[in-house]
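Chemist: What follows is the residue order along each chain.
Number of protein chains: 2
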Amino acid sequence: MKKFVFEVLLKSKKGRRGKITTAHGTIETPAFVPVATKGTLKGLTPQQAAEIPIQLSFVNSYHLALSPGMATVEKLGGVHAMSGLTYPLMCDSGGFQIFSLGRADSKQKARVRGEEEPFIVKKTDEEVIFRSPYNGETITFNPKTSIAFQRIIGADIFMAFDECIYAYAPHKYAHEATKRTHRWLTQCISEHKKDNPRNQALYGVIQGGMHEDLRIASAQFVAEQNVQGVAIGGVSVGETKKEMREQIGYVAPYLPSDKPVHLLGVGQIDDIVDLVQWGIDTFDCVEPTRLARTGVLYSTQAVFKRSDSYTFDIVKNKYAADTSTVDKLCSCYTCSHFSKAYIHHLFKQRELLGYTLATIHNLSVMEALMKKIRSELQ
Amino acid sequence: MKKFVFEVLLKSKKGRRGKITTAHGTIETPAFVPVATKGTLKGLTPQQAAEIPIQLSFVNSYHLALSPGMATVEKLGGVHAMSGLTYPLMCDSGGFQIFSLGRADSKQKARVRGEEEPFIVKKTDEEVIFRSPYNGETITFNPKTSIAFQRIIGADIFMAFDECIYAYAPHKYAHEATKRTHRWLTQCISEHKKDNPRNQALYGVIQGGMHEDLRIASAQFVAEQNVQGVAIGGVSVGETKKEMREQIGYVAPYLPSDKPVHLLGVGQIDDIVDLVQWGIDTFDCVEPTRLARTGVLYSTQAVFKRSDSYTFDIVKNKYAADTSTVDKLCSCYTCSHFSKAYIHHLFKQRELLGYTLATIHNLSVMEALMKKIRSELQ
Numbered sequence: 001m002k003k004f005v006f007e008v009l010l011k012s013k014k015g016r017r018g019k020i021t022t023a024h025g026t027i028e029t030p031a032f033v034p035v036a037t038k039g040t041l042k043g044l045t046p047q048q049a050a051e052i053p054i055q056l057s058f059v060n061s062y063h064l065a066l067s068p069g070m071a072t073v074e075k076l077g078g079v080h081a082m083s084g085l086t087y088p089l090m091c092d093s094g095g096f097q098i099f100s101l102g103r104a105d106s107k108q109k110a111r112v113r114g115e116e117e118p119f120i121v122k123k124t125d126e127e128v129i130f131r132s133p134y135n136g137e138t139i140t141f142n143p144k145t146s147i148a149f150q151r152i153i154g155a156d157i158f159m160a161f162d163e164c165i166y167a168y169a170p171h172k173y174a175h176e177a178t179k180r181t182h183r184w185l186t187q188c189i190s191e192h193k194k195d196n197p198r199n200q201a202l203y204g205v206i207q208g209g210m211h212e213d214l215r216i217a218s219a220q221f222v223a224e225q226n227v228q229g230v231a232i233g234g235v236s237v238g239e240t241k242k243e244m245r246e247q248i249g250y251v252a253p254y255l256p257s258d259k260p261v262h263l264l265g266v267g268q269i270d271d272i273v274d275l276v277q278w279g280i281d282t283f284d285c286v287e288p289t290r291l292a293r294t295g296v297l298y299s300t301q302a303v304f305k306r307s308d309s310y311t312f313d314i315v316k317n318k319y320a321a322d323t324s325t326v327d328k329l330c331s332c333y334t335c336s337h338f339s340k341a342y343i344h345h346l347f348k349q350r351e352l353l354g355y356t357l358a359t360i361h362n363l364s365v366m367e368a369l370m371k372k373i374r375s376e377l378q
Numbered sequence: 001m002k003k004f005v006f007e008v009l010l011k012s013k014k015g016r017r018g019k020i021t022t023a024h025g026t027i028e029t030p031a032f033v034p035v036a037t038k039g040t041l042k043g044l045t046p047q048q049a050a051e052i053p054i055q056l057s058f059v060n061s062y063h064l065a066l067s068p069g070m071a072t073v074e075k076l077g078g079v080h081a082m083s084g085l086t087y088p089l090m091c092d093s094g095g096f097q098i099f100s101l102g103r104a105d106s107k108q109k110a111r112v113r114g115e116e117e118p119f120i121v122k123k124t125d126e127e128v129i130f131r132s133p134y135n136g137e138t139i140t141f142n143p144k145t146s147i148a149f150q151r152i153i154g155a156d157i158f159m160a161f162d163e164c165i166y167a168y169a170p171h172k173y174a175h176e177a178t179k180r181t182h183r184w185l186t187q188c189i190s191e192h193k194k195d196n197p198r199n200q201a202l203y204g205v206i207q208g209g210m211h212e213d214l215r216i217a218s219a220q221f222v223a224e225q226n227v228q229g230v231a232i233g234g235v236s237v238g239e240t241k242k243e244m245r246e247q248i249g250y251v252a253p254y255l256p257s258d259k260p261v262h263l264l265g266v267g268q269i270d271d272i273v274d275l276v277q278w279g280i281d282t283f284d285c286v287e288p289t290r291l292a293r294t295g296v297l298y299s300t301q302a303v304f305k306r307s308d309s310y311t312f313d314i315v316k317n318k319y320a321a322d323t324s325t326v327d328k329l330c331s332c333y334t335c336s337h338f339s340k341a342y343i344h345h346l347f348k349q350r351e352l353l354g355y356t357l358a359t360i361h362n363l364s365v366m367e368a369l370m371k372k373i374r375s376e377l378q
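From first to last, the protein sequence lines are chains A and B.
Those letters in the first sequence? Residues 1 to 378, per our numbering, in order.
Those letters in the second sequence? Residues 1 to 378, per our numbering, in order.
Honestly, the hints are just simulated from the structure, not real lab data.
Careful, some of the hints might be misleading.
Since the list gives no way to pick out one identical chain from another, each pair is judged satisfied if it fits inside one copy or across any two copies.
Within a straight-line C-alpha distance of at most 35 Å, the following computed DSBU-like cross-link-like pairs (lysine-lysine) qualify [unchecked claim]:
hint: 1; residue 1: LYS318; residue 2: LYS123
hint: 2; residue 1: LYS305; residue 2: LYS241
hint: 3; residue 1: LYS75; residue 2: LYS305
hint: 4; residue 1: LYS109; residue 2: LYS318
hint: 5; residue 1: LYS2; residue 2: LYS13
hint: 6; residue 1: LYS316; residue 2: LYS242
hint: 7; residue 1: LYS371; residue 2: LYS11
hint: 8; residue 1: LYS348; residue 2: LYS316
hint: 9; residue 1: LYS109; residue 2: LYS348
hint: 10; residue 1: LYS13; residue 2: LYS241
hint: 11; residue 1: LYS109; residue 2: LYS179
hint: 12; residue 1: LYS172; residue 2: LYS75
hint: 13; residue 1: LYS242; residue 2: LYS123
hint: 14; residue 1: LYS122; residue 2: LYS316
hint: 15; residue 1: LYS348; residue 2: LYS123
hint: 16; residue 1: LYS2; residue 2: LYS172
Generate coordinates for the entire structure from the input sequences, incorporating the hints supplied.
Modeler: Next comes the structure, spelled out in structure tokens:
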């Protein structure tokens, strides 16, 4: 089994170009990581994903633990075997759901068996107990179970179990949550070490909320640990883009020079273009796939020009008789075969093919952008 | 441009095996014709359709006239160019919508611009005027426009404009409607002859309702005309399967021996298996694709055994942890790569990939069934 290796091929003020080697293949960085939360890349077959080609996808241990459930994922031999995706996978730890399902006010509730019940049943310094909105069963996430789940999932890159801190959390709360994240990281490292025959990588996650001192302390702590990579978490949970960049600026000087750096949940085009300069290697974001399913398509020209408005809405009537391809600079399957008018028609008629063609296009533009960014790092 | 040619390769009591040659390729018959009403094969890319492989699809002039509209279809160079489907296409005339949108009681209405308006504005011996539910505009179907629309669509096989008669229509109504269909056929033939540089075929449609004398007279009339093929219409509009078979039995002795015969809108597995014996060559039906999108999958074994129950519902909980493939006798993309448990998970989570994988499978089983039927005609 191939070892997990990160090589920095070039470093400059504009960012760094590198290569991550995993058991499922290599990833040229900087790379965009399309999100395949539930073990499926949003309307694409593995064959279509390979044709783009996608280098790496992001799956989610919380969602996979709910459906199809860890027993089934295990029976199926992990997410690669289950999903037919053959390229490297990166996995979230469940820590994001402490934020997304918990919120400070705990008002979010699931309707389970006719009753309103909270998504998070219990949260302590040791663990978080979630309730499945599907069947009401509880599921416990802590460093031990999160690593166990990710081991079953079989991702090439694990995330340590962390607490994603809500935006504008006060210093006291952010401090306590960050301490938890650090304790959990230590436990995850020892848990991961126990059994890692497939040389999967573990990334530690930097938290700290919006507070400079906590962010710096967290970056220093995580960088010192025996992890194979570092992720920056909790920078895209409700704050402004300016604030998001500030938080990344706090931690940038402390990021390790010899380990890959992932930015969790950030990857709009303007973000990526700006943030590679801080030495960030990989970015996951739902935007290209989610927008595609609403008919919002990327324009390569606008993306390459880093225009503020890099998308257009194919559902608008102005495209109803437009015989041109979606994007003359793009050579994806969609742009090689179909007109704007046809894709407009598919969306108007809610034909499934529209969602697939739009997704192929948006992900292809992202790949082209990342290729361009990499080529500029020479 | 290749001529439209039909060859009978073998004829027996069990049916006939043949070959239809068109400008877009040949079709081995008996063949199943998956329905691509709006110029898209329901969740599949043209590449995926070609991989099954699909021999022939059925598109609909009424639906394409509404969206994307004939001006756009023409601008895009016809449905082959628009959709990327490269194999032969067969086109409906709009006549089915006289039944499906008109019904005897005319109670069906569309909500257009906040008002309830009938789908059919006017119906005379000369023409039918439909109202678009999308924008309220009217669209006229008569022999001249139907042929013109189909010419723009560019199908390899046209249907003459006919009136599909509702089930249990009394003799008087069925007689008048059938006379209209015959008059319209004569007009369609002369309209089609005027301009047919691409050697597209025109099929005449047998109507007659449920009345033996009208069915026989219609079959005789249509068989005598200068058409390249014959279709049997209006046998699947609400009557029982027994009545449907009776109507086909009425016309079977009068079907031409040297022209291909299509059965409109019929193609459940038991129907096909029974009806090839009457010399029917092609069958279109929405069933395999429509069922697929609800998670109802075909079992090759049950299909080949002609079992009454040839489907199973992948959404049922019993498949949640079933690691076996959908169908061990099937070698389609779905069955070569995925487990029942994974497809169950995709449907439970309403992930788009589920609909695509299920559609690939059901259409692959149909193709395997037709191949088996053809091989048994030796």
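Chemist: Would you mind marking each hint as holding or not holding in the structure?
Modeler: Evaluated hints:
Taking identical chains as interchangeable, the C-alpha atoms of LYS318 and LYS123 lie at most 35 Å apart only when they sit on different chains, with a minimum of 33 Å there against 51 Å within one chain. In this homomeric assembly, LYS305 and LYS241 come within 35 Å of each other (Cα to Cα) only inside a single copy, at 20 Å, whereas the closest approach across copies is 62 Å. In this homomeric assembly, LYS75 and LYS305 come within 35 Å of each other (Cα to Cα) only across copies, at 31 Å, whereas the closest approach inside a single copy is 47 Å. Taking identical chains as interchangeable, the C-alpha atoms of LYS109 and LYS318 lie at most 35 Å apart only when they sit on different chains, with a minimum of 29 Å there against 41 Å within one chain.
Taking CA atoms no more than 35 Å apart as the test, LYS2 paired with LYS13 passes inside one copy only; the shortest distance there is 31 Å, against 63 Å between copies. Only within a single protomer do LYS316 and LYS242 lie at most 35 Å apart by alpha-carbon distance; the minimum there is 31 Å, versus 48 Å between protomers. Taking the shortest Cα distances, LYS371 and LYS11 sit within 35 Å of each other inside one copy (16 Å), while across copies they are farther apart (60 Å). For the homomeric pair LYS348 and LYS316, the shortest alpha-carbon distances inside one copy (9 Å) and between copies (32 Å) are both at most 35 Å.
Proximity of LYS109 and LYS348 under a CA criterion of 35 Å is satisfied in both settings, with 34 Å inside one chain copy and 20 Å between copies. In this assembly of identical chains, LYS13 and LYS241 lie within 35 Å of each other by CA distance solely inside one copy; the values are 21 Å within and 75 Å between copies. Taking identical chains as interchangeable, the C-alpha atoms of LYS109 and LYS179 lie at most 35 Å apart only when both belong to the same chain, with a minimum of 27 Å there against 64 Å between chains. Taking the shortest Cα distances, LYS172 and LYS75 never come within 35 Å of each other, neither inside one copy (43 Å) nor across copies (65 Å).
In the homo-oligomer, the alpha carbons of LYS242 and LYS123 lie at most 35 Å apart inside one protomer (31 Å), although the nearest pairing across protomers, at 64 Å, exceeds that limit. With identical chains, the CA atoms of LYS122 and LYS316 are at most 35 Å apart between copies only, with a shortest distance of 32 Å across copies and 46 Å within one. Proximity of LYS348 and LYS123 under a CA criterion of 35 Å is satisfied inter-copy only: 28 Å between copies versus 45 Å inside one chain copy. In this assembly of identical chains, the alpha carbons of LYS2 and LYS172 never lie at most 35 Å apart, being 43 Å within a copy and 79 Å across copies at closest.
The structure does not agree with the numbered hints 12 and 16 stated previously, though it agrees with the rest.
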